[in-house]
Amino acid sequence: MAGSALAVEPVRVGSKAFTESVILGELATQLCNNAGVTTIHRSQLGGTRILWDALLAGQIDIYPEYTGTIIQELIPGTPQNTPAIKAALQQRGIGMTRPLGFNDTYALGVPEALARQLNLHSISDLRGQPRLRFGFSNEFLNRKDGWPVVQTIYALPQTNVTGLDHDLAYRAVSSGSIDVIDLYSTDAEIDFYHLRVLDDDRHVFPAYEAVYLYRLDLRDRAPAVIKAIARLEGAIDAPHMIEMNASSKLQKVPEAKVASQFLAEQLHVKTTPQVDGMTAQLLLRTREHLLLVGISLAGSIILAIPLGVFAFLWPRVGQIILAVVAVIYTIPSLALLVFMIPLLGIGTLPAIIALFLYGLLPIVRNTHAGLSGIAPSLRESAIVLGLSPSARLLKIELPLASPSILAGIKTTAVINVGMATIGALIGAGGYGQPILTGIRLADNRLILLGAIPAAVLALVVQGGFGLLEKWVVPRGLRIKSRG
Amino acid sequence: MFRIDSVSKSYADEPALDGVSLTIAPGETTVLIGPSGSGKSTLFGLLTGLLKPDAGIVYFCERDISRGSLRELRQRIGYVIQDGGLFPHLTGRANVSLMATCLRWPKSNIESRIDELLELTRLSAQVLDRYPAEMSGGQRQRVALVRALMLEADVLLLDEPLGALDPIVRAELQQELAKIFRRLRKTVVLITHDLGEAAFFADRIVLLRHGRVVQTGSIDDLLGSPADDFVRQFVHAQQMTGVRS
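Residue numbers (our numbering), protein chains in the order written: chain A, 1 to 483; chain B, 1 to 245.
There may be inaccurate statements among the hints.
To give a feel for the contact side, a few chain B residues facing chain A, derived at Cβ under 8 Å [unchecked claim]: (1) T48; (2) R71; (3) Q75; (4) Y79; (5) A125; (6) V127; (7) D129; (8) Y131; (9) P132; (10) A133; (11) V214; (12) S218.
Derived by calculation from the structure, the hints in this document are not laboratory data.
Only a predicted model underlies this, so the values are computations on that prediction, with no experimental measurement involved.
From the three backbone atoms N, C-alpha and C, an ideal C-beta is built for every residue, glycine too.
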């Protein structure tokens, strides 16, 4: 994590939550460090929207992007030529490198053996093979720039077209149950399954040239960085990218090592990749996770109990409070995180705030329910005894409601332990980090490295609250009446 | 002590008290009796200020209780309800000393006052260290009485104080309560639905029905010169169940 006592803030490279992006992020990070600028890599920060917002907000300085994505999603309506894209980016304080040398666009793939047999090189060659069976991802099948336009422009006669999951498509084509699939042109699986990528000779698919986007203020802050990443312009061709994707995804080589190897072989740059051991990683993730859960839970408790009391004392305002915390609870976590990037950026703080907000509902509701559930005879006894309203609340009502309040806190704590794993999407670390990496690499061991400690922590929290109950809930409320 | 002046109170258009006027004399034991729904508990609610009258005024020591501090009034009232109303999260001792502690009585005063009241109610000090859930029904009522008397209240309001007890404990506690009332010479207002109990305690019985006072007087008045057929029937029905021996 950042925060070392440097005079200058380190440069921060971001990457999206898929292997190619992480490798590109790692390449930039290592090159910048090699150029003498302290640079950290906030890897797999989630999707395009999070990275772009974080770049605009100055939470990261550099991240790898694709020209097609810039035109289609980031600045819609930009003409498809480099000067126009550059100008549009510049208005937002963002610069763009020249293309890195490969185009990660949609493509069609055919098993190498079949391609040789039928002499298939380009998509046009498919026109003469009406009996081929096509299997496409559902997204490709329905996108305007997907199958519909391919079919029209190439005038393809095939009728046997099925929609299926992208990962399953590779298996289906390798087992011979389909013949042609859609793919991303740098997918690691292309080599693994011996597929031939057909040439898009009519240029139907838009270009998805890989580039780096960076904040223009780097020119003043760290000009060496821009020079360093410029070394990657035109340096990575499609076969090399496929090879790097494959060694990370299929041979499970850590991205840092993959990147370092590429830099040594292609650019003759020596870097030392940082790869954490399992124990070190587990300790780091545990610390991060506890930080997320602990601080957010403390915040929830401090705000939610008074809110619950308030809702109980003033029922009309109370209805609004209960409704608001319930609505907050229903906001999808990813949406909440994205909303917060412009305000709080990425990292630990927005994750803690999100968890804190989600944690309010169970505690507010249980505090309110606990207070409302006090027997009227006890409430009246306290009033008639002559106690002041504050003494009634502190000495009678809150202690009587304590089992319910504690149950609410326990619910929040257990939910938080699970929910905190999404913190990894915006760079807050925690057990979500190995889970996210594991999902990306289809590596069950990594997923378990995050999932098991999270489950254990949830159990520990559950058990801990059992003990806490003995201490917090007055003994008189825990014994059974003699009648 | 209390003067209730043409007080009415209704819940959702259902009258619970309908123009009741009543004076509760100091030093006397007044028993409110009547079938359920007759307005006994509503009357208690008005005396303690838990309820506000729709019409009429409740005076305590000739002061309108709707003006001035209810909290001060309540500290002069001792209140015991059917199951005692003890706070389950506090020991007997904490229940009893709660209010005195809030008023910052010196510890030694609290201790000596508790000792006095333990003696009066013939309760052992050990019982006070238990939680309400660990006490018997009779013990709970005694502890509740100690709590009610702690601040030297001028008036004791008891809402069916023996209602939840089994017959043997009930008879025993009835005797003791009567002794305590005689010793303290305090103003006592007691709610019951049992004529026998009313006769046992009362200097004066107030018979209520449908939110109105039907008859006031001693038990002999009620038996000897019932005000109307309802009083005759009520007395008769209670005698038939054999509660009054």
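Hints versus structure:
Look at B/T48: its Cβ gets to within about 5 Å of chain A, closer than 8 Å, so that hint holds up. Because the beta carbon of B/R71 sits about 5 Å from the nearest beta carbon in chain A, less than 8 Å, this interface hint is met. Against a cut-off of 8 Å between C-beta atoms, the interface hint on B/Q75 holds, since the closest Cβ of chain A lies about 4 Å away. Hint status for B/Y79 relative to chain A: holds, with the closest Cβ pair at about 4 Å, below 8 Å.
A hinted interface residue such as B/A125 counts as satisfied when its beta carbon comes closer than 8 Å to some beta carbon of chain A; here the least separation is about 18 Å, so the hint is violated. Hint status for B/V127 relative to chain A: violated, with the closest Cβ pair at about 12 Å, above 8 Å. For the restraint placing B/D129 at the interface with chain A, the shortest Cβ-Cβ distance is roughly 11 Å, beyond the 8 Å limit, so the hint is violated. At its closest, the beta carbon of B/Y131 sits 4 Å from a beta carbon of chain A; the interface hint therefore holds under the 8 Å criterion.
For B/P132, the suggested interface contact is upheld, since its CB lies about 7 Å from the closest CB of chain A, less than 8 Å. Satisfaction of the interface hint for B/A133 is found here, the shortest Cβ-Cβ separation to chain A being roughly 4 Å, below the 8 Å cut-off. Because the closest C-beta pair between B/V214 and chain A is about 27 Å apart, greater than 8 Å, the hint is violated. Interface hint status for B/S218: violated, as the beta-carbon distance to the closest one in chain A is roughly 29 Å, over 8 Å.
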